[in-house]
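Single-letter residue listing:
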Amino acid sequence: MTEIYPSLAQCAVVAAALKILLFPAYKSTDFEVHRNWLAITNSLPLWGWYYEKSSEWTLDYPPFFAYFEWIMSQVAKLVDPAMLKVYNLEYDSWQTIYFQRFTVIVTELLLVYALQMFVDSSHGASKRAAQAAAISILLSPGLLIIDHIHFQYNGAMYGLLIASLVLARKNSTLLWSGLLFAALLCMKHIYLYLAPAYFVFLLRAYCLSPKSVFRIQFLNCVKLGAGIAAIFGTAFGPFALKGQIPQIFSRLFPFSRGLCHAYWAPNVWAMYSFVDRVLIILAPRLGLAVKEEALQSVTRGLVGDTSFAILPDVTPRVCFALTLFFQAIPLLKLFAQPTWDNFIGAVTLCGYASFLFGWHVHEKAVLLVIIPFSLIALRDRRYLGAFRPLAVAGHVSLFPLLFTPAEFPIKTVYTVFWLILFLMAFDRLAPASSRARFFLFDRFSTLYITVSIPLIVYCSLVHGVAFGKSYEFLPLMFTSSYSAIGVVGSWVGFVVVYFTS
Amino acid sequence: MAKPSPSPHKPRRKAKQAAHATSSLRNASAVEAMVRAPAFPLAAFLWPARGTVSQWELLPLILMAVGLFRWAAGLWGYSGFEKPPMFGDYEAQRHWMEITTQLPVSQWYFHDLQWWGLDYPPLTAYHSWLCGKIGSLIDPSWFALFSSRGSHDPTLKIFMRATVVVSEYLVYIPAVVVFARRYSRLNGVANWSAAVALVAILMQPATILIDHVHFQYNTVMLGLVVASMSSILAGRNLWAAVFFVAALGFKQMALYYAFSVFAYLLGSCVFPRINLPRLITIAAVTAVSFAILILPIVIGTLSDVRRGIDSRPDIDGPRPPMPLFQGLADHLDTEAFYYPVVEQLVQMVHRIFPFARGLFEDKVANFWCALNVVVKLKKYPTELLQRGALIATLASIVPPNLVLFFRPRRELLPLAFASTAWGFFLFSYQVHEKSVLLPLMPMTLLLAGSHGLNKTTRAWVGFANILGCWTMFPLLQRVDLAMPYVVLTLLWAYLLGLPPTSLSVYFQEGGNSWTQWATLFIHGSFYLAMAFWHVLERSLQPPPDKPDLWVVANVGVGAAGFALCYLWCLGRLVTQSEILPRSWFGTKEKAKTQ
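Same order as they appear, the protein sequences are chains A and B. Count the first sequence with the numbering used here and you get residues 1 to 501, in order. Count the second sequence with the numbering used here and you get residues 1 to 594, in order.
Derived from the structure by calculation, the hints contain no laboratory data. Accuracy of the hints is not assured; some may be wrong.
[To be verified] Mimicking BS3-like on lysine-lysine, the simulated pairs with C-alpha atoms at most 27 Å apart in a straight line are:
| # | chain 1 | residue 1 | chain 2 | residue 2 |
| --- | --- | --- | --- | --- |
| 1 | B | Lys-157 | B | Lys-83 |
| 2 | A | Lys-469 | B | Lys-378 |
| 3 | B | Lys-157 | B | Lys-378 |
| 4 | A | Lys-242 | A | Lys-170 |
| 5 | B | Lys-157 | A | Lys-27 |
| 6 | A | Lys-27 | B | Lys-83 |
| 7 | A | Lys-469 | B | Lys-133 |
[What the hints assert, rightly or not] Examples of chain A residues lying across from chain B (beta carbon under 7 Å, computed):
| # | residue |
| --- | --- |
| 8 | Tyr-5 |
| 9 | Pro-6 |
| 10 | Ile-20 |
| 11 | Leu-22 |
| 12 | Pro-24 |
| 13 | Pro-409 |
| 14 | Val-413 |
| 15 | Val-462 |
| 16 | Phe-499 |
In this text, all values refer to a predicted model and were calculated from it rather than measured experimentally. No residue lacks a Cβ here, since even glycine has one placed at the ideal position from N, Cα and C.
When you get a sec, could you build the whole thing from the sequences and use the hints?
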């Protein structure tokens, strides 16, 4: 069987139809953020880009993304010049909406192309599985919710990431994989979280000889070094000339933000906060000291910074150390056995570590784990077992991003549709593993997935009927604690699979 | 850990292979489908589901997917959005929820007729009442008397959209699912093909555009008609009568199909032998259904009279005479207890059948409107036009219904329904452009029938649907709904491999090349005309002395195309019914039926 149906292009066409129909849907402030960046890059000289602050949504992505906005603004000029005025805050004529939403759909073609590369790079029996995984990424509810409703350009970014991951599959294109990733870093710096895996893999597989760790391939080192330098030079060079690098870095890395985002991303710190909340109730009985100033924040749950009433506070330094530590462990194995499967596993685990332990993690960052994981989730049933709770938890945790009633059916029905379709399809496609499965892990994952149904029903319907507008933090807290259990569980499961395969 | 839990996938795998083998043995056409590549994108999407996937896994996914498209389309504007003073269909439906929940029953058909007075049959009124009651629980201001007129509260919009979706999922969708299953089994079509046809039917752009975007509840009526058809398929003629009465009671447009239902039911009582008891029970059940349908109105009127509530509180002094059947009033005692009921029912009929209006309301792609371009019909007396319309309609609907009467076979139902509805649409009095949904529905159901997904059927069903959407474009364009029109129509054309996305339906190996080229030529010229019309309409203003030029051109092309669809349905009905002797057909026709 040479062709597998449906093809990626067919899925892309139908998905595009749905995405166009979603044009009038809710859009978050990110829409205004990107409109503002179009305006900044179009109407200001290069040197003013990172200093402009008429809007509170200042440019805080690396220069390649700014260049990307500049290119789009050349087309935007023809559509509606008014959207390119920096002072035109909150401007959203229908032309602007059509234009910006269209650019998301059009730039997502990069993702389609990269996924086709991925399918083409798989051979034999795994090709069907690769096609299913590729379609699952293309139709991912995460991308639909974040890009096409909430508004961002993740589709294009993940397209570059997947292209780079696929290029790493063949030795002849390893260099391009590294360079493409460098370019991606200059577009969106969140991918720095995955950089350690790239560093170790390129070092071992490209810069050092495959036969011995002590033999350095100098020519390769020079090619890679020069290429990366050229890319970073193109991105940051113009700004470095004017000494604007510190300003850019203060925009890119705003360390003044809190540990948890407004809404807790489902990570370790969400569980930590949840335990803290529970301890507040138990504190009088256990005789624990309660920090009074934290209580104000505790009862709200919607405010920006959360501080802890009972448990010790967490500093960025601790987060950073934990993240690095949990990234380093899988990298040791990658260094010892630099295969492509191990590389993807290591990228996934780097994503996991940074998502679970990072400082001020946004729930959208869960795609950083789901998307690389999807590429290897169908290797065998053990991988799939670890992937399943992540797929459920990761997508359910995105629900609070959309809170308007008109989008409620879209996000829930689409996500449930995706989960049923792909978990069913994956179940048929994943081959049996030669190794024993872990004790009871599958049962836990089934139980976990089942719990999601009453949870969604409670958070979206029952809570509103029972409590109205009060205790608004409860559904959010349940959602993120539930999702955190799933993400942590799947992480533990995947670590075991990674080290035992 | 020594004994790992038994792997659940292994037996499943075996079962899968077993099922695979039996299904391919059972159905030769399924084997054929196994080896070939999908002929059009929709088949490609369901390709992995061939043979092995149970329909209980497939059906929920299909229903979710089509639901997503419906809801997403509903995010766009509706008819009359922020278009005072009268707003549009959305306001009409909302207003009916307002009057049915706020006023006594006897005033429903009399209340302020200038502002979207209720002019649908009672089931719509009851449906509006139910929706209005539920909506008032959420926010009573949505349906407050008078003050809620023209409301465009965004939450109200979500509620109204939800009522359309829920009504459709309770009526139309179950009916179509059951129909597709029964009809495909009747025709010996594989389950997988039936699933493909089901998606195609449910993604039909015209119904989504009119109900979920422009706003109406046509699918409830269409669903009741489909339920009636599928009852006939199951041999339950009495239920067919009940469902059909319900359809008529929801929207009088269902009359388009009435002749076919009548012809089939009567035919089934006469052929192969006369079955008088059957005829009597069908007639009795129909009468009882009608009685139950109007019973709430009758009881409501009587109780209002007893409580001293006037049905027309706006009128002081003597009551005006009944709008219709004035002769009847002379024989009735206006003081009798039953008089208010008679008056109420006459008023209802008067509201539902507006005989006093013109031959056609707006520009609609039927025969009269097209003829009006050539001959100005306004100069003829109304009576002559009415009679002309009646004769032309009868002339067009008698042939298909005679066929159905003499050959009351279940496979013929969609074709007979479609040709009758096309006849009505083309020639009858007071047609609205949205009425094209009525002939489109049974014609689209053909996809679930024998050879429903082959190229000839797909080409014609697709042609009718795309032309139908195109004739509704002016209606949609008026309320800025061009985008959902483009997306949904092109998506459907793409899924079924139709022009403008693909020409593959016109080229078939081993078919009659002469017929193929003729079809391609005819359809191709229509598709080109439609595309050219869109370009013109987009880029050029019509000349000032003919402001309606584009709409008139649309109507002319549409009417011609629909006439072809009528002829195709009728021709196919005649050939499939084998009512004419074989020798009448040339070799060409024989080749076509094979």
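A quick look at each hint next to the structure:
1. With a C-alpha separation of about 15 Å, the suggested pair Lys-157 of chain B and Lys-83 of chain B falls inside the 27 Å cut-off, and the hint holds.
2. Proximity of Lys-469 of chain A to Lys-378 of chain B is assessed by CA-CA distance (about 61 Å); at most 27 Å being required, the pair is judged violated.
3. Proposed proximity of Lys-157 of chain B and Lys-378 of chain B is contradicted: the alpha carbons are some 40 Å apart, above 27 Å.
4. A distance of roughly 40 Å separates the Cα atoms of Lys-242 of chain A and Lys-170 of chain A; the hinted pair therefore is violated under the 27 Å criterion.
5. The suggested pairing of Lys-157 of chain B with Lys-27 of chain A holds, with an alpha-carbon distance near 18 Å, which does not exceed 27 Å.
6. Taken as a hint, the Lys-27 of chain A and Lys-83 of chain B pair is honoured in the structure, with Cα atoms around 25 Å apart against an allowance of 27 Å.
7. A threshold of 27 Å between alpha carbons decides the hint, and for Lys-469 of chain A with Lys-133 of chain B the separation of about 24 Å falls inside it, so the pair holds.
8. The beta carbon of Tyr-5 of chain A is positioned within 7 Å of a beta carbon in chain B (closest approach about 4 Å), and the interface hint is therefore held.
9. Residue-level restraint check for Pro-6 of chain A holds (minimum Cβ-Cβ distance to chain B is 4 Å; threshold 7 Å).
10. Taken as an interface hint, Ile-20 of chain A checks out: its beta carbon lies about 5 Å from the nearest beta carbon of chain B, inside 7 Å.
11. With 7 Å as the threshold, the beta carbon of Leu-22 of chain A comes within range of chain B, its nearest partner Cβ sitting at about 5 Å, so the hint holds.
12. Evaluation of the Pro-24 of chain A hint against chain B yields a held restraint, the C-beta minimum of about 5 Å falling below 7 Å.
13. Restraint check, Pro-409 of chain A versus chain B: the minimum CB separation of about 5 Å is within 7 Å; hint holds.
14. Interface restraint check for Val-413 of chain A: the shortest CB-CB distance to chain B comes to about 5 Å, inside 7 Å, so the restraint holds.
15. Annotation: Val-462 of chain A was flagged as interfacial toward chain B, and the flag is violated, the nearest CB pair being 16 Å apart, outside 7 Å.
16. Given hint, Phe-499 of chain A at the interface with chain B, is violated; its Cβ is 16 Å from that chain's nearest Cβ, farther than 7 Å.
Hint compliance for this structure: hints 2, 3, 4, 15, 16 are not met, and every other hint is.
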